[in-house]
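Chemist: Heads up: the sequence lines are chains A and B, in that order. Sequential numbering of the first sequence, starting at 105, is according to the working numbering. Sequential numbering of the second sequence, starting at 105, is according to the working numbering.
Since the list can't tell identical chains apart, any single copy or any two copies may satisfy a pair.
Derived SDA-like pairs: lysine to any residue, alpha-carbon spacing no greater than 25 Å straight-line: (1) Lys187 x Gly309; (2) Lys433 x Pro422; (3) Lys124 x Val258; (4) Lys246 x Asp419; (5) Lys140 x Thr446; (6) Lys402 x His248; (7) Lys124 x Arg383; (8) Lys266 x Val126; (9) Lys477 x Pro211; (10) Lys477 x Pro318; (11) Lys246 x Asp397; (12) Lys246 x Pro424; (13) Lys402 x Ser355; (14) Lys402 x Asp426; (15) Lys468 x Ala300; (16) Lys246 x Asn407; (17) Lys402 x Ala239; (18) Lys433 x Thr446; (19) Lys266 x Tyr448; (20) Lys468 x Glu110; (21) Lys246 x Lys402; (22) Lys246 x Ala403; (23) Lys477 x Ser361; (24) Lys140 x Leu257.
No wet-lab data here; the hints were simulated from the structure.
There are 2 protein chains.
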Amino acid sequence: MGGGPEKEHLLIVLWQPEPKDVTAEIQRRFPHFEIKYFQQLPPEGGQIVDKRGQVPQELWQWATILITLSSLPARAEDAPNLKLIHLFMAGFDHYSNHPIVTDSDIPITSSSGIHGPPIAEWIVMTTLVLSRRYATEYEWQKQHHWGTGREMLVDGTDWVGKTVGIAGYGSIGRQAARVFKALGSNIHAYTAGARATPESRKDNGYIVPGTGDPDGTVPRAWYSGTTKESLHAFLSSGLDALVISLPLTPSTRHLFSTREFEILANTTHAADGAPKKSRSAYLINIARGALVDQPALKAALDNGVLLGAALDVTDPEPLPSDDPLWDAKNVIITPHISGHGTEYTLRAFDVFMVNWARHERGEKMFNLLDRHKGY
Amino acid sequence: MGGGPEKEHLLIVLWQPEPKDVTAEIQRRFPHFEIKYFQQLPPEGGQIVDKRGQVPQELWQWATILITLSSLPARAEDAPNLKLIHLFMAGFDHYSNHPIVTDSDIPITSSSGIHGPPIAEWIVMTTLVLSRRYATEYEWQKQHHWGTGREMLVDGTDWVGKTVGIAGYGSIGRQAARVFKALGSNIHAYTAGARATPESRKDNGYIVPGTGDPDGTVPRAWYSGTTKESLHAFLSSGLDALVISLPLTPSTRHLFSTREFEILANTTHAADGAPKKSRSAYLINIARGALVDQPALKAALDNGVLLGAALDVTDPEPLPSDDPLWDAKNVIITPHISGHGTEYTLRAFDVFMVNWARHERGEKMFNLLDRHKGY
Chain A
105 MGGGPEKEHL LIVLWQPEPK DVTAEIQRRF PHFEIKYFQQ LPPEGGQIVD
155 KRGQVPQELW QWATILITLS SLPARAEDAP NLKLIHLFMA GFDHYSNHPI
205 VTDSDIPITS SSGIHGPPIA EWIVMTTLVL SRRYATEYEW QKQHHWGTGR
255 EMLVDGTDWV GKTVGIAGYG SIGRQAARVF KALGSNIHAY TAGARATPES
305 RKDNGYIVPG TGDPDGTVPR AWYSGTTKES LHAFLSSGLD ALVISLPLTP
355 STRHLFSTRE FEILANTTHA ADGAPKKSRS AYLINIARGA LVDQPALKAA
405 LDNGVLLGAA LDVTDPEPLP SDDPLWDAKN VIITPHISGH GTEYTLRAFD
455 VFMVNWARHE RGEKMFNLLD RHKGY
Chain B
105 MGGGPEKEHL LIVLWQPEPK DVTAEIQRRF PHFEIKYFQQ LPPEGGQIVD
155 KRGQVPQELW QWATILITLS SLPARAEDAP NLKLIHLFMA GFDHYSNHPI
205 VTDSDIPITS SSGIHGPPIA EWIVMTTLVL SRRYATEYEW QKQHHWGTGR
255 EMLVDGTDWV GKTVGIAGYG SIGRQAARVF KALGSNIHAY TAGARATPES
305 RKDNGYIVPG TGDPDGTVPR AWYSGTTKES LHAFLSSGLD ALVISLPLTP
355 STRHLFSTRE FEILANTTHA ADGAPKKSRS AYLINIARGA LVDQPALKAA
405 LDNGVLLGAA LDVTDPEPLP SDDPLWDAKN VIITPHISGH GTEYTLRAFD
455 VFMVNWARHE RGEKMFNLLD RHKGY
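Sequences and hints are given; from them, build the entire structure.
Modeler: Here's what the structure looks like:
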């Protein structure tokens, strides 16, 4: 037959009204698409995944490509023509038990890569708020008080020559590394697989133009592994801050607990069991709350093992109002908003457009779910 | 005669106890120095410049080099042997009417260059606190409230592709530019003299290793001049933030007023005189409060001409508790602490050591006061 690419039926299911400038751009770049837009209600009770089945069955039947934030067909048979599902989320874990993931082989891509800029901003902002004691200054301003600022002079430091560890060197970790390097810090990266060659250090996912560490040249040192020993080697490499940007899987649940915090702070125990630390660090978690053992974190903060923590994610979410973590010493907690911003929608669609263009050129798509690894 | 460098009498006058590791390092690098350390009391009433004459006359007579934060000899005749005065401050304006400045030609160097890292951290932190609405999240946490974060989704943006204007491209401006570029922004620089050649764009002052923009390659565009027209050309270049890091001189006093804020916000006036802005910007001032017309700034903030302002400096300082600026819309005010940190002392001494080594090699010292320009 020859000719152009196959005709496709693109179904878009989002909470917002149709962003017509974006759908027009998709149509311009892919004139062989037929596009249908379905605006659904947000799921109930603060959940992400919709279980109410708002999307009509005939739309599932019709679609060959699905772009969605929170709705999947209940079973693969409901959407027999699907060639690709593109999720507006960075991770797959909300769907890890969904039949489409467990019982089908429909390719699924995430919007991983688009969260680098806003989340790195959140990481750097909260780390500086902690290290520069901004909360004190904020309260002074509310009282119209011109404070004396001795706290920073006595023990405050900046980030020049410090070492920042990034656990999980994806798009978020890379953009955070880029900014901390600009602040003067050294970067230590920790990844599951070894990154011994220049090729292996490249970012093969979607990259927001002008950001990140595309070639993986920012880190001064690379650590890797999936064992406690490899993690501990990384944590004991002299870190002043640890940024957690790992995926949550069964093997990373509660990966960071008392022992890890003590290693991070280089804590030793005297004969009488009293802890003694020779240094300390900040902990920043923007990934998933369950990566961290929260009661252990609360204790490490209150005991001064850690200098502070910035958490955009907790376990569970929302964090109950009576959870003791809210009042841990030197903690910042925000309600899973670090990735927010008006650029989100445009970038999530851009991932799909860049990716589908690769697919039509016969190139491998990026951001594909690996059903064996679970991410 | 030949032999090594001349014997010098180094007098150090600071508020703190002698930092013996630092004076030992000076002695190690300059074995031909005789060093005397005089710890003075901080001046009264929050002033910087000491007027109580705590330093004994015989010490002034003795010194050939003076390192000081807040004490100068009253007249040049009191210290007839001085070859150099090294100030622990970044600017000379506190001393601009002092007889040593007006009636002597003793070379004076500042510690300009050491403030880049901490002040750039403050600039980036406060800009992100404003643009990411962190105060809302901070208040949520105090109430143990898991907020919904819709504000950022509706109109929050990150700094990718934005334009940040830096008025005064010295060490602070360069380090701020470095970090904003890492965040994905474009940089527009504004300087008094034109920087048309690569050589003219270099930083010839002290640079904290691993920071700044030594070769001046970060800005996408350069603006220059000392007229209102040149300033307005810069301010109308599409800035999303303006960082003020200019010296305060008689000609820069109240340089930024109503008209400048309107140009920054691209404000036009309809036939009925009603202001209409097509965009807007944040204003950040870390230099001197009097560069800005404060009542005009308060009005521009409250009227929404500007998106927000972060001010580490005010006019006067301390800002009186009943000053209306404290409660301007979207303003951050901190008590002139952005340069604070424990690295300050070591770096201020390092400027002197690097500089004096240049002097002994017959090279030109940097950070020298230009008595004609006043900075």
